[in-house]
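Please put together the full structure from these sequences, using the hints given.
First residue of the sequence shown? That's 5 in the working numbering, and the numbers climb one at a time after it.
None of these hints come from the bench; they were simulated from the model.
Hints are not guaranteed to be accurate.
What the hints assert, rightly or not - Label pairs and their in silico Cβ distance ranges:
1. Pro486 / Ala426: 28 to 36 angstroms
2. Ala341 / Leu296: 23 to 31 angstroms
3. Asp136 / Ala341: 48 to 56 angstroms
4. Ala334 / Gly453: 21 to 29 angstroms
Ideal Cβ positions, reconstructed from N, Cα and C, are used throughout, including at glycine.
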Amino acid sequence: MSRPAGEGATRAAAPRHVVVVGCGFAGTSALWQLVHRHPVERVTVLEASGEFGPGFPYRERDCPDYLVNNTTDTMCLVPSHRGAFVDWLRATGHPGAAAPGGHLPRAEFGRFLREVVRASLVGASIRGIRVDLVPQEALGIEEPAEGGVRVRWTGGEVGADAVLLATGRCPPAPRVAPPPPGAAARFFPTHVCSDDLDAVPADATVHLLGASLSAYDVVNRLFSPRTGAAFARAADGTLRFEGGPNARRVVLMSRSGRLKKVGSPVRMPIRRTRLTGPVLAALAAERGGLALEDVARLADEEAAAHGCRIDWPTVHAPYAGCTDADALDARAGALLAADLDAARSGAGANFLVDLVGDAQLLLWDAFANRWLRPDAERQYRREVETAMLGWAATCPVPTAERLLALHRAGRLVVRAGVGTPALDADSAAYTVPHRFGHERATVLVDCSGALDRRLDSPNQPPLFASMHAAGLLRPFELDGEPREGIAVDMASYRAQGTRAVHVAGMMLWGPGFFTSSAYLTARVVERALDAMFEAPPAAG
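This is the structure:
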């Protein structure tokens, strides 16, 4: 990860006491790194849930059908060792270690993170480092004139030298009004830790808002073996849905209708020579910033160098020419089948997926360094980001196989151009508009993943609201226009306007491109802590 030019900094003493706010993946990585890589004397960790380690996506009590989307052997804790999770599985005798390229339940990674916290406490005790785990939500942070920071929670506060905001997930951005009590329509605002989903009738049609990986989690859950759903391999190796007592039907509904691309079980070796940081930086300097066409041209050159070709028309408009809902649904199934074949085939067939996976740090740097012109960056966020996320956050092969089997059996359909659901007057169902009509949804699950990253939003937690009001957190601005995310110095991830508050979480999705991958998150945490201990900057 390159180091963009930062604000002027004055060297000061390394912090002896650091507060970490949030202890999901990012906070756990920070705790481990502080204990094992930095000359810290004390660490205070606040976690609102009281569960230190798993965080939101890896809760241990959650559904076992929710899988880690990255392969087991790429789930890391620190960027220097991407195989930490699979090594832990081997050391503990876990059967998942036998399939390092597989996909375990997310709860299994949550157990690993909980063990990391415990191991960090042991390591801290050996090194004489005091660690306090505080099961409270941070409510306020102040920077007294005499220096340092003060962090406040209900019933207590602590003074320290620096803070890392590792709060991770942003608050949801509600799109749907829930039905009144006793209504026939059923609405699930989230699929996480919601056992009520298991009570959905076996013959229900379930509408899922969004075609994200969260939506795929719900599909896996609704058609898991414990529901009576049966899948079997045909003679040609194709997975087929064989029904059983589970008669459910699922409708995936999203604005774009795009399905996630399928991750390669074995990635093609990528040797980038054109789509690199130095090339992008030089072009940006020469042209006063990059246009999206410049980046696409470099990607084409990379493809040609690897003996491949990128089908840009399909990338830009996968449903071009579809004139009705059935045609769009059929196209979605054909694209899914082609993506699954490409992932299995290797040898360049899944080139764009493998290229984006290899270049994820470059994507981050492109935003961190503001290599794109402001108009190009706005165009990217508006027109390209949803598509790019399909290649950056891919679907596992086993999940893609089940989706395709369900689609071919008529149990899963895809709708695009979806608008805001409206509850019917009798509260018996929602009417959900889409490009070619509307759907009547009696069971609706919000899997859109819509999160609120606007700092001035009333949905933000008390900590962010109070810091924003005090001027300690500022909205990220692009060409003078307030955007999503927090304004930070991208060389140190220090919040602009503070002396010693650093940020590592989804609120960096704005000044940076935050994909939520374990590897990229660990790199952000690593850089923030390195900067915190190397040269804490002066106020400004």
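Quick rundown of the hints versus the structure:
Distance hint check: the CB atoms of Pro486 and Ala426 are about 30 angstroms apart, consistent with the given range 28 to 36 angstroms. In this structure, Ala341 and Leu296 meet the distance hint of 23 to 31 angstroms, their C-beta atoms being roughly 29 angstroms apart. Remark: the range hint 48 to 56 angstroms for Asp136 to Ala341 is upheld by a beta-carbon distance near 53 angstroms. Taken as a hint, the range 21 to 29 angstroms holds for the pair Ala334 and Gly453, whose Cβ atoms sit roughly 26 angstroms apart.
In the structure shown, no violation is registered for any of the earlier numbered hints.
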